[in-house]
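Given two chains presented individually in distinct reference frames, assemble the corresponding complex, making use of the accompanying hints.
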Amino acid sequence: MANINSNFLGIKSPNPFWLASAPPTDKKYNVLRAFEAGWGGVVWKTLGSQVKNVSSRYSAVDYGGQRVMGFNNIELISDRPLEINLKEIAECVKLFPDRAMIVSLMADNDKNSWHELIKKVEDTGAHGFELNFGCPHGMTERGMGAAVGQDPDIACMVVEWVMEKATIPVITKLTPNVHSVVPTGRSVVKAGTNALSLINTIQSVTGVDLDTLVPNPYVAGKSVFGGYCGPAVKPIALKMLTTIAQDELTKKVPISGIGGIETWKDAVEFMLLGASNVQVCTAAMKHGFRIVEDMIEGLNNWMDEKSFATLDDFIGKSVPTITHWEELDINYHHIAKINQDKCIHCGLCFIACEDTSHQSIKLEYGKPYNKYTIIDEECVGCNLCKLVCPVDDCITMEEHRVAPEYLNWVEFQKRGLPLNDH
Amino acid sequence: MNGFNVLKRSKFLQSKKNPFFIRPTRFIRVQKNIMSISNNRLSKEQYAENFSDIHPPFETHNAALVEANRCLFCYDAPCIKSCPTGINVPKFIKQIVSDNIKGSAHTIFLSNIMGAGCSKVCPVEKLCEGSCVFNLMDEPPIPIAKLQRYSTEKAMQQKWQLFERKKSVSKKVAVVGAGPAGLSCAHVLSREGIDVTIYEKESKGGGLMTYGIAAYKVTPEFCEDEVNYILSLGGIEIKYNQELGKNISLADLKKKYDAVFLGIGVGLARQLDIPGEELEGVEDAIQFIYNLRSKGFPAIPVGDKVAVIGMGMTAIDAATQAKRLGAKEVTMLYRRTQEEMPCTQHELDIAMLDGCKIIWLAAPKELKGVNNKVNEIICTVMKLGEPDASGRRSPVETGETFSLAVDMVIKAAGQMPFEQLIIDNGIMDNKGKIIINDSATNIKGVFAGGDAVNGGKEVVDAVQAGKDGAAAILEFLQNK
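Quick note, the sequences are listed as chains A and B, same order. Its first residue numbered 1, the first sequence is counted upward by one per residue in the working numbering. Its first residue numbered 1, the second sequence is counted upward by one per residue in the working numbering.
These are computed hints drawn from the structure, not numbers from a lab. Cβ atoms here follow ideal geometry from the backbone N, Cα and C, with glycine treated the same way. Take the hints with a grain of salt, since some may be wrong.
As the list claims (entries may be wrong) - Here are some, though not all, of the chain A residues that point toward chain B, as calculated from beta-carbon distances under 8 Å:
{"hint": "1", "residue": "G64"}
{"hint": "2", "residue": "G65"}
{"hint": "3", "residue": "I344"}
Isolated chain B, as found in the complex (with noise of 0.2 Å):
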């Protein structure tokens, strides 16, 4: 079911064309109160359909066949290298065509041990994808990603152990963080017979790919069973609700163990800094998607106008899944234009087809409220200015502004590093972001990557750095 069906079929429910329209009384209520932020608005059937698998898998062999066989199996493939893992693309995919799923789903696992999650959440029409060589005949590329998953399904079903644990070398690492960066370190390490712990701050592992991610794309069911499948190696033990800072002390994971990995993410929201912030209704979007995932869909409520600031991944998930879960009228506001968006072309899409309204070119710079709660949000229009830092020309104020009525404004303008965090223990940064050399921190033993690094990439980029900082720990403790 896809957004497109949803907005088709709920108007086709509203109009009195349909022979079986019933107003339903949450309609009535709706229209009485005209703003409100609410939640429970969607019947479990509905909720259900919004929530669904945006990427159906291949529902048959013979459907993952006829894709794998158009694979052309270049050599020095554009798509391995477009991959952060570099998953040995065209290997996997004649694995399939030879009924070799068992080492296909290994070619995929051996670069990247999330690459099931990472066959649903990848934006691979700007990786593997994108640089499929069909896209230079104008044809449509391989199917990647579904094969990926096709793979990778099977292989977690059938709790396919595909890999061995080296026999234990006694040695021992703390990993901080149970995200895509931790986890993946942590199997490389356990593969090498290295025993591991991790310290993770949440109930669950996974890190956003658990918490922070849309649930059309993975149910946290799915998380679930990947943080068990990676854990089925053996070797790896998770200590849940374990914060670094509060819980546990980088000082005392020091002296209780060989090396210590640092996979903690980013986590806050990064503020608008305008009046009206902390006014009731007004909410970040990374906290909106952990409730959404943690809490289950009828518990969130969303309001009848929700206008979400910021046109990143995790802004469009924020918009299509408040649309998702009942809200009338979602709208994106971004201060710039659609050229400069880091979202992809496929998530904007997505947004657009759930009916999402896009204004480019605004930037909030007042929140209203009655009661303490906001009821309105005031954005100046911009205009595109010089190139800044990152190549993307600035957005500039023209002194016009607009306003919109809202009941709930969503915050995802991105996220920022646990700063305070890094500099307390005496890590050296940027911007809160760790500096690292070959994975290694300024601390002797002390390894870092992912998010914390690179201020937040995708989960793809974040594997790869586990991976890394695996083997620069793999060094440091041969050389120790």
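Only chain A is shown next, with the shape it has when bound in the complex (with noise of 0.2 Å):
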């Protein structure tokens, strides 16, 4: 069995897997829970400012009848009193020495709130701070989260105030409603900030009722943009967390990463690509706690089939693979196959190609089923007809390079080698 025992900061958990900060961390009742389950670590919701939430506060995207492929919220920080939160935080770090408990904040933007939120909640016995300058809606109207984490210059400000006085690891989280999550990133790890925690939750609208005419989430009538999350936003935060990874400034620090993580497999991929552990909400939310069994035993097999004894011997394994554009292999080049024992002549192949492709396929008309076949030559490997087959391995893609050696677009310039002619 390998070690998936992990150490964020010094914070140690048994798992890499730690709740994100967000409604199934909001109170004793549901971190108890998790911990029973299983879960490393929490990040409990976010304490700071007195706020009130509406209802409702969700909404969802759907996609091919499968429900919460993408997830949006409205709902803001803790409604709860701060001195109820204190005292349940106390009483969990105390019922699970061995869980990692770190506690999300947004104070009001002046320095004596922060100081006297930090020294309230590291009286709980807490093991680090995750500052919120993310959440999107809302609390951005009082200059509060996303709004602090869209401004290098303000995010700086505030983490200083934060390092002043804070004696525990502090993770900052950051906003992916940016250009480029890299300029805060670095403004934040000048300023100090421990670690770094990406991404947050992306402004949406999940969609628009055919009935009511109003956009998702409904409130009296009316909505607003919410904060979308889930397996939807898997590959975007993936890319921010890669731009985190690979900037020299911020790769310096440990990242926990988030974004749509529900299955180990996910979790791998996110340290792969540089963050030391990850964060789950959406797939809690959908599914229970109960999901993290799975987490713990395919890491623990997966990390066994590939000779990893630790999480540290495979995390940000994958970050140098992602390279710049012009630095790809011109002589590389793959071409389609259609296996035709395992093919169902659904045509899906066909159909992708012919329309909004290269028209590599050969159709040979026949009832009630056609015969496809790749036009070799026609075939720019773009992969598009591998994608859509519905059959595992029925198209697979062949290397037949151009030329041995290796040839960037840099050299392929300098070279004046001819362009494509159709």
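Next up, the structure:
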């Protein structure tokens, strides 16, 4: 069995799976259930200025008959009295001393408010802070949440206030509602944050009700932009994570990865692209805390199969494989091949290629089954046919290098090589 | 309720293990007169259960969505090509997914105006569902018929008028026969602004859909609703109880109308031509099913021991329904083997689950009786010889015979076209089947399609023949 113990800034947990700051971590009852289920740690739902929540709060995007491909919320930070939260945090820490207890903070925009809050939370015995600079709704209208994270200077100032006071590790959570997460990331690393976490939710409208004509979620005939998360945002999160893992300055601090993680596979992908641990919310909100069981077992099995003894053996391993487009090898070429024994004649490869790509698939009419074959000379190796094929390994991409040596675009131009003629 | 449960249930009811078992009086009566033909064998509840829908619909929208979402939306889909009417199956299924049920129903009806009925009676296992690409992955095919039923039933229930009839073009067409071919032809013509009059010899429309198919597949009420839904387009009038050659003549129709479409079907049961065929208790399957569908289940007498001759769809419908009416023993006799049987495996399964016995390679030789009532069938044991014109190995007598005690024999050895009627009207035929060229008969302005031409195929084939006939008529009228 591999060792999946996690050590994030000295904060230890039996596995790298934390619950993100959100409704599942807003009170003792949920957090104890999460710890009993096996979660390695939690980030307690954001504490800070007094708020009141509305109903409804969530909406979702369904796809292909599956519920909640994407999820959005308009819930604000914790609306419970601070004293109750602090008391419960302390109780949870005592009951589960081996689990990570991070507390998310979003104080009013003045130094004193932050200092007071930090002091009170540290007294609970929590192990670290996460600064919520990402919440994209409601709080931003008060100049908080994403409004802080979107301005590197303000973010820097707040982190400096926090670092003056905090005696336990500080993670700064970044908002994706920016053209790039790197400027704020760099700014807060300079200001002294001990770690980064990303992404927070993405501003969104999940849909419009075609009867009421009001977008979701519905609140008395109105709606607001909500924060989008769930499986749909994972690719965006992975990209943003990679930019932080590749930047010379931000890569110096550990990263907690967040955004659509539902399975051990998702978690491994985040860790391969530089996350030291991961945080989960939507998947737990959809299925309950029990999903962590398979996350633990799956991670363990995968590490054993790949002979990784500890998490550090693979964290960040894929980061260098994402390069600049100009450095890609133009001489690499592959061509689709359809395995006729596996083909079920659905024609999905054909119509995708014919209508929208390179007309590289030949159709021979049959009744009722047509035959589809690749026209090798026309295939540019785009993968589209393979992606739409419903049968595993029916369409494979076979390597046919143009030339043996590595050739990139810069060199290609230098040599004045010919462009495509079709 | 399927046949299997019916069987299990009846066995259980009769077993002493059943703590609630009370031997019903009718069983005592049956025990006394060992062989008899009688009606009213079951309770009202038992009839209802035995003849309830064999293919129940989706109960919820979600249930339909689960299956609809499985559809891959194939390009140039095999299911479309395997449907005689060419329904755009992937499109109508995706329209269920997109909550466009109206569009879904329109897609179906555009190709097949009897799409609702066909969703219940089509042998889909050899048509659309049989060619679904999921079969090639050893996965269950998309339940196309059930999804088709989902959309079309909703359209019928809501009375959605999905087609608009063009302004009348002051052309009149007579259609003979309100079966699938005639209705389909009439609907296409009316949409194009033609005024259509259908002459139907029965008192209800729908043809064999209404009179010739097992009641557990389509109820008489459904058939009536379907005809009414088709007629709701307007521009189509049906004159009932009007039989060609009796109340109306082709010559008259030709005079009164700009064109005539003959969708007269087939009707005469093929005779066995063996001694004893005239005995009491010997009946045509078509007549048996016709009575069952028009008179109500309790009115229909069945024997205790019934033999059904043949192994086509009609034979299955007759055998299973005889069993479901309370016959104690039903034996199906077929002169070839399972390999050559005309019915589908699915149909055979229904008969077997209903408890019908099957004897392969048995050809009826003679029927014997006492007091003019059939009580014995003597069969020749056959073996398979050389392939015949149909490509199937033909049955050859072995000389051996066997005998079965019966009190009822249902003949389902195929139906024959109305040969004499066709010849009398000067229509060119091939053994009674009307010969057509692009739906046109040898008589100018007279078109034909459906069973009368093909000798008896599926409802869906007749619907397509009606469409083809309408297209030919429209072209004819344009050039007239």
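Evaluated hints:
| no. | hint | in the structure |
| --- | --- | --- |
| 1 | G64 | holds (6 Å) |
| 2 | G65 | holds (3 Å) |
| 3 | I344 | holds (4 Å) |
Checked against the numbered hints listed earlier, the structure breaks none of them; every hint is satisfied.
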